[in-house]
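Everything in the sequence shown is counted per the numbering used here, starting at 174 for the first residue and increasing by one.
Treat the hints as calculated values from the structure; they're not laboratory data. Here the structure is a predicted model, which is why all the values come from computation and not from measurement. Using N, Cα and C, we set each Cβ at its ideal position, and we do this for glycine too. Just to be clear, a hint being listed does not mean it is correct.
[Unchecked claim] Taking lysine-lysine and the DSSO-like style, the derived pairs with C-alpha atoms no more than 30 angstroms apart in a straight line are:
1) K326 x K225
2) K489 x K563
3) K432 x K398
4) K355 x K490
5) K395 x K382
6) K452 x K398
7) K379 x K287
8) K452 x K382
9) K355 x K326
10) K452 x K432
11) K379 x K225
12) K326 x K489
13) K398 x K382
14) K326 x K287
15) K490 x K563
16) K489 x K225
17) K292 x K382
18) K398 x K379
19) K292 x K379
20) K287 x K225
21) K355 x K277
22) K489 x K355
23) K452 x K379
24) K395 x K379
25) K395 x K432
26) K326 x K379
27) K287 x K277
28) K277 x K326
29) K382 x K326
30) K326 x K490
31) K395 x K452
32) K292 x K277
33) K382 x K225
34) K490 x K225
[Said to hold, decoys possible] Just the calculated beta-carbon pair ranges, DEER-fashion:
35) E601 x S478: 25 to 35 angstroms
36) A302 x Q462: 43 to 53 angstroms
37) L308 x A564: 38 to 48 angstroms
38) A302 x I365: 25 to 35 angstroms
39) K355 x D418: 53 to 63 angstroms
40) Q571 x D228: 53 to 63 angstroms
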Amino acid sequence: MTTRTRILTGITTTGTPHLGNYAGAIRPAILASQDANADSFYFLADYHALIKCDDPQRIQRSRMEIAATWLAGGLDVNRVTFYRQSDIPEIPELTWLLTCVAAKGLLNRAHAYKASVDKNVETGEDPDAGITMGLYSYPVLMAADILMFNAHKVPVGRDQIQHVEMARDIGQRFNHLFGNGKEFFTMPEALIEESVATLPGLDGRKMSKSYDNTIPLFTSAKDMKDAISRIVTDSRAPGEAKDPDNSHLFTLYQAFASKAQEEEFRAELQQGLGWGEAKSRLFQLLDGQLGEARERYHALMSRPSDMEDLLLVGAKKARAVAAPFLAELREAVGLRSFVEQAAAPVAAKKKAAKAARFVSFREDDGSFRFRLLAADGEQLLLSRHFADGKAAGAVTKQLQNGDALDVRPEALSFSVWLDGSVVADSAEFADEASRDAAIAALRVALTPLED
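Based on the provided sequences and hints, a complete structural model is requested.
Laid out in structure tokens, this is it:
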């Protein structure tokens with residue numbers, strides 16, 4: 174079975190999206206999410222936003238605007254995992270585990286930190302004036318975002334390549350210290366899209382909020398038309414030939430037009446189309462392409478509870494991956510259940526030749542569960558929920574002793590029963606042969622050795 178490539182995209186949650194954001198990042202990312210071979214994770218990087226902004230109202234408003242923009246733009250939450258970073262408590266916990274292995278010298282070399290230090294030195298300030306631990310530790314949080322979901326590819330701008338490389342360094346260090354031959358973390362690769370559009374703003378410079386030259390993406394039709402009317406053009410009058418290749422108005426048109434529309438517009442400019450009419454054509458093109466998305470955006474903004482529900486569903490999907498993986502990492506670093514610790518010597522005596530192990534953990538609802546991992550780290554079983562740790566521990570002890578092991582195949586999975594009740598289940602397998610092989614492996618792992 175072909176393994177799908179996992180792609181993780183972090184979405185900055187500061188500021189209101191503009192046309193340049195849409196053409197350069199949002200539109201291509203949404204198109205990429207439709208690839209059947211991609212397992213796509215998209216998250217609102219709202220913990221990262223706290224590093225740059227200390228205005229709670231702006232943080233809240235921007236999170237809503239960004240979420241509504243991606244949803245209105247066509248992101249299909251049924252195909253992807255779309256969540257808020259702050260809804261995944263496993264991420265800050267993993268950040269701490271990674272912080273404990275990240276070298277300070279590595280973080281000292283981070284571009285953002287170095288730039289802030291250099292600026293302070295140039296102005297005669299203390300080198301660390303105004304620098305928070307959030308800014309300094311930013312690469313570790315980004316590493317946790319990436320490594321938590323074992324992303325293969327991370328689309329980033331060139332200024333973020335270093336952070337992906339740092340995530341690799343930190344992940345490799347953790348694997349070396351705690352893996353015991355197992356690679357917990359996949360080594361991510363930065364994905365640079367060379368053909369990403371960089372749109373000019375109203376004044377011809379790169380469209381950027383810092384230049385105050387943007388065209389807001391989902392502003393009203395009237396406001397968009399007014400913004401387009403302010404695009405700077407040359408002084409050539411109607412009837413005079415225009416040079417499309419040196420016109421940023423044409424560049425904007427080109428970014429949204431079909432090839433046929435582009436060629437027709439080019440010819441009309443060369444034949445003397447007036448700038449006023451050209452701006453009207455650009456407005457008609459943008460309004461035609463963005464009108465329906467604009468309506469969806471404003472509908473979402475008027476019903477924040479709908480977005481909340483969608484994001485909580487996304488968080489549940491993300492946590493279904495993150496929670497068991499973090500439990501595995503906690504066990505690897507020694508943050509283990511005392512019950513398991515007490516049972517370990519008994520299990521070691523009876524099954525010294527086997528490397529299968531139980532991993533206990535507690536769910537958010539307070540229930541207790543365990544997983545049985547094979548020697549290679551593959552999950553053989555995931556238990557049902559238990560009201561308390563003692564009950565879960567009693568079941569693991571029975572299984573460790575090989576007591577009345579009752580394995581029942583069910584289509585492409587199987588369950589384990591004790592005393593007439595289901596206590597654990599397997600994952601779903603690709604075929605019955607794989608299921609039967611897993612059952613055989615389970616029986617070997619849970620058969621007590623003879624003295």
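Each hint, compared with the structure:
no.	hint	in the structure
1	K326 x K225	holds, 25 angstroms
2	K489 x K563	holds, 27 angstroms
3	K432 x K398	holds, 23 angstroms
4	K355 x K490	holds, 25 angstroms
5	K395 x K382	holds, 20 angstroms
6	K452 x K398	holds, 8 angstroms
7	K379 x K287	holds, 25 angstroms
8	K452 x K382	holds, 21 angstroms
9	K355 x K326	holds, 21 angstroms
10	K452 x K432	holds, 19 angstroms
11	K379 x K225	holds, 22 angstroms
12	K326 x K489	holds, 22 angstroms
13	K398 x K382	holds, 18 angstroms
14	K326 x K287	holds, 26 angstroms
15	K490 x K563	holds, 29 angstroms
16	K489 x K225	holds, 27 angstroms
17	K292 x K382	holds, 22 angstroms
18	K398 x K379	holds, 20 angstroms
19	K292 x K379	holds, 24 angstroms
20	K287 x K225	holds, 16 angstroms
21	K355 x K277	holds, 25 angstroms
22	K489 x K355	holds, 27 angstroms
23	K452 x K379	holds, 19 angstroms
24	K395 x K379	holds, 23 angstroms
25	K395 x K432	holds, 27 angstroms
26	K326 x K379	holds, 27 angstroms
27	K287 x K277	holds, 13 angstroms
28	K277 x K326	holds, 26 angstroms
29	K382 x K326	holds, 28 angstroms
30	K326 x K490	holds, 19 angstroms
31	K395 x K452	holds, 13 angstroms
32	K292 x K277	holds, 20 angstroms
33	K382 x K225	holds, 15 angstroms
34	K490 x K225	holds, 28 angstroms
35	E601 x S478: 25 to 35 angstroms	holds, 34 angstroms
36	A302 x Q462: 43 to 53 angstroms	holds, 47 angstroms
37	L308 x A564: 38 to 48 angstroms	holds, 46 angstroms
38	A302 x I365: 25 to 35 angstroms	holds, 34 angstroms
39	K355 x D418: 53 to 63 angstroms	holds, 56 angstroms
40	Q571 x D228: 53 to 63 angstroms	holds, 56 angstroms
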